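There are 2 protein chains.
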Amino acid sequence: MSDLTVIVEPGRHDIVVTRSFDAPRDVVYKAMTEPEYLARWWGLKESETVIDRADVRPGGSWRFVERMPDGQEHGFHGVVHDAVAPERFVWTFEYEGMPGHVCLETTTLEERDGRTLYTSVTVFQTVEDREGMVQSGMEYGLRQSMEALDELLATMA
Amino acid sequence: MSDLTVIVEPGRHDIVVTRSFDAPRDVVYKAMTEPEYLARWWGLKESETVIDRADVRPGGSWRFVERMPDGQEHGFHGVVHDAVAPERFVWTFEYEGMPGHVCLETTTLEERDGRTLYTSVTVFQTVEDREGMVQSGMEYGLRQSMEALDELLATMA
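From first to last, the protein sequence lines are chains A and B.
When you line the first sequence up against the numbering used here, it's residues 1 to 157, in that order.
When you line the second sequence up against the numbering used here, it's residues 1 to 157, in that order.
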């Protein structure tokens, strides 16, 4: 069982996600920021994720394309404000299916008794944008991604 | 008299600022995004602002340094998520005196009867960060900046 928590309080701009992973922090950071690893866990189980770019350093940018089994493609992109390996990165996030709606995502990794505690704080431009993300089935996708990440981490140790 | 409004509702992550300017939208956009103009209005009246970089295009970055009369320097920087001249730009913002506290700023310009309506929506990573910005005297600085911008725009028409 995973210890995923997704905190969505009414009327606020943020979503806070926490989860722990059974791997050292530097390995989790690598899996979350390097293209060859990102492609292996990001997105839904049945989809294929192509990492167009993932230049996770201050001033860098990223773009991922999720290819669904029916051939549909969903693009996501952003710019990297900050990246301090293996502790923290801050980037913007936009789903290309809803252009102009941008959020700011801060990911923090902490080591706790040999495991890594992941915290992500996402703030949206409006409360309505956050509701849209919640209603898009974000938690379902997140759960799948993180299970795939568990499996990947087990092979990287 | 200016029509500046600063909306700060309790317990939220955002600050919404609106104001109108007596100039066409493309002129206001230019003044807000090009280094030679930014240096002439950004920051407090008694300070001097040096534009280290202002590359306002998707994937670009910016950094401004405000030099106070006593010689103190305050740096600010961020990355540009989006820029659609003369309508809108979205960038991250960090005051280097409080490293790690980042916000996302969306600036929108609309033309209304020959004037330009400016709207800026800033979302902070936490409600506490937003309170810090409000208490730093942000509105005082903003008011001064915008008056300097009025003066600059009058020379650009």
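It should be emphasised that the hints constitute simulated quantities derived from the structure, not laboratory data.
Just so we're clear, the structure is a prediction, and the values are computed from it rather than from any experiment.
Wrong hints could be hidden among the right ones.
[To be verified] Incomplete in silico selection of chain A near chain B, CB under 10 Å: (1) Ala85; (2) Arg88; (3) Thr106; (4) Val121; (5) Met133.
Backbone N, C-alpha and C fix where the C-beta goes; we use that ideal spot for every residue, glycine too.
Now for the hints, and whether the structure bears them out:
no. : hint   : verdict
1   : Ala85  : violated (15 Å)
2   : Arg88  : holds (8 Å)
3   : Thr106 : holds (6 Å)
4   : Val121 : holds (6 Å)
5   : Met133 : violated (14 Å)
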